[in-house]
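K.L.:
Residue-level listing of the chains:
4 protein chains.
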Amino acid sequence: MTLAERYKTVRRRTEDICSHLQTEDYVVQPVGDVSPPKWHIGHTTWFFETFILKAYFMGYQDYNPDYNYVFNSYYETVGARVIRTDRGNLSRPTVLDVYRYREYVDEAIYKFLCEGPSPEVEELFVLGLNHEEQHQELLYYDIKYILGHNPLFPAYNPQYSSPKIEEQPGFISINEGVYEVGHTGEDFCFDNELSRHKVYLNAYHISTALVTNAEYLEFINSGGYQDFRYWHAEAWDWVKTNNITAPMYWHNIDGEWHNYTLRGLEPLHLHDSVQHVSFYEAYAYASWKGMRLPTEYEWEVAATQFNWGKSWEWTESAYLPYPGFSKAPGAIGEYNGKFMVNQKVLRGASEATPPGHSRTTYRNFFHPNLRWHFTGIRLAQ
Amino acid sequence: MTLAERYKTVRRRTEDICSHLQTEDYVVQPVGDVSPPKWHIGHTTWFFETFILKAYFMGYQDYNPDYNYVFNSYYETVGARVIRTDRGNLSRPTVLDVYRYREYVDEAIYKFLCEGPSPEVEELFVLGLNHEEQHQELLYYDIKYILGHNPLFPAYNPQYSSPKIEEQPGFISINEGVYEVGHTGEDFCFDNELSRHKVYLNAYHISTALVTNAEYLEFINSGGYQDFRYWHAEAWDWVKTNNITAPMYWHNIDGEWHNYTLRGLEPLHLHDSVQHVSFYEAYAYASWKGMRLPTEYEWEVAATQFNWGKSWEWTESAYLPYPGFSKAPGAIGEYNGKFMVNQKVLRGASEATPPGHSRTTYRNFFHPNLRWHFTGIRLAQ
Amino acid sequence: MTLAERYKTVRRRTEDICSHLQTEDYVVQPVGDVSPPKWHIGHTTWFFETFILKAYFMGYQDYNPDYNYVFNSYYETVGARVIRTDRGNLSRPTVLDVYRYREYVDEAIYKFLCEGPSPEVEELFVLGLNHEEQHQELLYYDIKYILGHNPLFPAYNPQYSSPKIEEQPGFISINEGVYEVGHTGEDFCFDNELSRHKVYLNAYHISTALVTNAEYLEFINSGGYQDFRYWHAEAWDWVKTNNITAPMYWHNIDGEWHNYTLRGLEPLHLHDSVQHVSFYEAYAYASWKGMRLPTEYEWEVAATQFNWGKSWEWTESAYLPYPGFSKAPGAIGEYNGKFMVNQKVLRGASEATPPGHSRTTYRNFFHPNLRWHFTGIRLAQ
Amino acid sequence: MTLAERYKTVRRRTEDICSHLQTEDYVVQPVGDVSPPKWHIGHTTWFFETFILKAYFMGYQDYNPDYNYVFNSYYETVGARVIRTDRGNLSRPTVLDVYRYREYVDEAIYKFLCEGPSPEVEELFVLGLNHEEQHQELLYYDIKYILGHNPLFPAYNPQYSSPKIEEQPGFISINEGVYEVGHTGEDFCFDNELSRHKVYLNAYHISTALVTNAEYLEFINSGGYQDFRYWHAEAWDWVKTNNITAPMYWHNIDGEWHNYTLRGLEPLHLHDSVQHVSFYEAYAYASWKGMRLPTEYEWEVAATQFNWGKSWEWTESAYLPYPGFSKAPGAIGEYNGKFMVNQKVLRGASEATPPGHSRTTYRNFFHPNLRWHFTGIRLAQ
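Protein chains in written order, with full-length UniProt numbering: chain A, 1 to 381; chain B, 1 to 381; chain C, 1 to 381; chain D, 1 to 381.
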């Protein structure tokens, strides 16, 4: 596939995800961590305009200089930004304006690609496409949050169905010893997966299947949310302050558990994997079960021996730099390193992850209290 | 004009105000005091549906029972409500849905009116129309806030022009004595304007013109925002906490004062009345000038002797019940009485006020720190 | 009594109030509105040092220049101040240090008084003594709060007893007409009681007795705290946010109502007047009773016809300037005027008020949500 | 040394630390992380009373059942607790009361020790003594905060001097390979130091001296606090929100840097190690220097080759359980495990650490934004 074809495929996929939305759905931001879909459409476009067109395409004319202010995210090196919680206050540019901007930039990119970009620029392209794929995943999270927190519980797509992934229940055992982790080979990876290095692991067992809704319900019914012994001190404060009693999107209606899905509100499917739990909940569940969560290295070493990809999986590991990690210079260097404190690593992939985007060395990360992303629980001991 | 004609006129005017909006403009809520225009469209409809159709129109079928939850405002007697700051999180019902709801209710209303409603219901109708006119005014405030706080400063309507009202500069004198205030006659008024009663006024002087931008600029240039002596203690905290240095919508761009208007950003017009000042600022300005604001009674007694209507005018008076005031029973009774604490009375009308909506006995009220509504300053001494 | 004798009497009374405290009680500040007793001792001393000794006593040597920073309250003209909520963080100066400071200033004052101060300075003295009396009253409020919010419920003084004031239950009627209100005569009064002026009152009835605990209990038992109809909108938010279900210091222990008093925790005395209610509660009670609170003018006009002084009494009136009110120049001018927004007037006096401090024209004021001061309810209709 | 002698020594040391305080210093809590010294005195006593006397000493009579409520810290299993930020609101029990309580418990302990406690109870004793030593260290932090944030800058002890520890500037190199970390042997250690296990380390260099004030000043003077590139994203928010421009206790007075020490305010000593920096600052400094902080394993493996103990040292490592870690049952089990999220490991010891309390396997931990404890910076690369 040529770079232009790859570009087209990825860009089109973003628009396909949004094709089920009403104009109004593009605009709102119900909480700080959610961005309006309109912003994702504009921001992924701004990325290509800023780091490729403005930097390398001679004679390129800005679409609108004010858009840098509106669609920048956290790239401190490229000027003042709209503070993050303000995104949902902006009715302009309209959805149509943003799609026009997207079209304008796409056309310029295609022209630019005809010139045959240098290897250095090709690398930036690949980063930009992976960046856009990350925002495709965020689009699913954010859209689900926006519709799933609306009192009318509208469906995103009544025909939506999750990919099927087969799992074998049970545990596999890994021997003590020195293992290598981290990315290897010539394929694209993010800077946080480099460099490959040795780690020493004690012997451990890791589950080949994720925890199901039925299993999680046992934890709820046995009073797990009321017993501080299973929780970190900060987790317990979080449970109490926010009155947490079940995963996000679970609703107990007249004694029956329901679950908001992208198809709308449905009775809880007991055999599905539990989703939308925070690290705090995953840890408390494991603790109640007398087990624990795997570390990211334990996960990576065992990952070839089970099927993964239903949900992101919380690990016990904090998100920290690998030995020898160093930031790329300039704005691109802000990509990962600046988040390496107070977050937890997640491994795997979810139904919202674009096909082929993840891999066994992929390091996703979120704060331990978050759960609007598609996460599940794998146990270790 | 028949009731049906009056109904049609008022309802159409709401839609006309919104005719300049993009779909996205209907949805956002940049601060708690601003409501999304979509909500105003739905709420004014909900008012007629709830208090007239459901209560009096036999066989009326709810458009959608969930809408009560979405479009109720503060009427505690008609069930749980969406907490106010959440309005801007709702992408559904869409703008189109809301206009369909509006159409559905309008049709039912016209049918109901054919039946010849009782005087009691007619009274409710008139209340509903005055209620809708109040929301028309709020629509202007909220739209101006939404567009005027967008970094692109879009115009609401490039052809917008304010009504012209002639003023004679100077002061008139009113003698000491007993005066009557409050509404009299058969015309509609809100419950807070009743009952007419006597007050004793000391002699006073009151200005026949509002303070201009040029005059207010002198206050700014002389350091008024930096000198605590002109401010209430709470006002001074407000100035410091929010870094207030000028009226809302004023922007100093490269040393030149600009003003966001409904036509977009413009150089400041020095001869216009100052607008968008809080009570705190109005008081501080008067204090700096060695004068004071009039009380609401002083305003009412003098109001026939000057032209008013350019802007609402802060008075020194707190919003309190008139002697003999009592709340109407039921939800309608919540209309005014429950707000009679911690607010200030404003008198007059503004360019956003529907024609014929206000009168000299009209009592508008806002918290003293607010200024997104169209307010100005009249001095007394 | 000479000025020196009056000075001695007032200053000694402050120390007597504190004589029941432990050193630790002088230091803490459990909420922002409460000041540590140590601070009152120092602040009242700082007042005499700053406005009299430093201003008029030639050759006076500051006790410690840093104390201005520590003991200033809200007088913006005399330099930066410790922000108010920080007072409880200061372990130094110690209680002993503060009493030494007090002694030093007292000695200088006595020397200064031998010189025979000018009438202007005498006036400042009288203001300072009235100021100290206000802090004596606050000391009672603050001490009661500090001890009454301690889980050990220590008594302030096991022998403490409230002064007895006889009341005749019933209502008296006042005719419609013009009345004069405000202070008159040569005696001391605060600037907010001037100038005497005419007001027009409608006919009204006013109770000659305060509401009792027994009566208030009926309001509680009939569900008054659960029914929004009796409450202002802001009051209802306050009730919900703070889970208010009874007056401050009431504790329901195993089904029996108790009341923390300056003698410690006691079973509720049903015949006593209810105390420690906010304006919001006083208004809701009156509303439930089908009555209302008097205005400050109604209170003042009727006050000679009943005994008052058991508790401060909330009025319906907002705290606003009288006609012709103007601030004194300089720091002293900040005394009252800057608080004239968002507060309610209270009339009367309480058991914490120094004898002779109040009068029928006295205007006390607090925010409507506060209730740590000694307040009760008088009804009107 | 017998257990009774060890007990006496440790308990006396706590009292010695407090011997420089005024009564008032025992009471205040200027921020949530600081506890009033009075509380430390009571809480360490409560620990012995609750976990030893009440549990094992037949016939022991509670000193005061309410004290459990007042002196419990975070032990959720032993009943409701005073919420942490409330500790500074409590004037009672007085300092004298608390010392009496301490005496009462000490006497009971000595009696109990005559009975010859079981090995299980001896273990609890040793835990209790180590617990008290941790509070001795906290006492230094909290006292320094209380006095160092007072506008009078009182000295804790004018004769106070820090222990001298010699350092050789330079870097040592450690080879790649498998190392063992964690506690070994029969001596006391906390549960978080167990169990000893293998780790794989890449080759690294680690400094043999801590960063000095002079070196840190270069970072400040080169604009380090103004350049986001050196900071984590959360750190940058912290810097901006709190206007951080220097370590805690540094004051720039008329262009000269001063430092509040336990002797009072002094000119900054350039050759001393920098102290009172957050993890965020330590990381930013290392980043500016083109280096990094060591991991806790790197530190432990190298620690025999340099002198440590001047200050706690931030490591890059998150505070996580060692392989095989499991919580002790009951309240004691809450000791460490529940904090293993969102915190950073510190290694070494500080001048506030009791002699013999720390060791090379000791794992201290704090949130990355904190800096009132005695911390410094050691670089690695």
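Any given hint might turn out to be false.
No copy is singled out in the list; a pair is fine if it fits within one copy or between any two copies.
[What the hints assert, rightly or not] Listed below are the simulated EDC-like cross-link pairs for lysine to aspartate or glutamate, each with C-alpha atoms no more than 16 angstroms apart in a straight line:
| # | residue 1 | residue 2 |
| --- | --- | --- |
| 1 | LYS8 | GLU133 |
| 2 | LYS111 | GLU5 |
| 3 | LYS198 | GLU166 |
| 4 | LYS338 | ASP227 |
Worth flagging that the hints you see were computed from the coordinates, not collected in a lab.
K.L.:
Take the hints in turn and mark each one as holding or not.
P.N.:
Consistency of the hints with the structure:
{"no.": "1", "hint": "LYS8 / GLU133", "in the structure": "within (13 angstroms within a copy, 51 angstroms between copies)"}
{"no.": "2", "hint": "LYS111 / GLU5", "in the structure": "within (13 angstroms within a copy, 59 angstroms between copies)"}
{"no.": "3", "hint": "LYS198 / GLU166", "in the structure": "neither (31 angstroms within a copy, 35 angstroms between copies)"}
{"no.": "4", "hint": "LYS338 / ASP227", "in the structure": "between (35 angstroms within a copy, 13 angstroms between copies)"}
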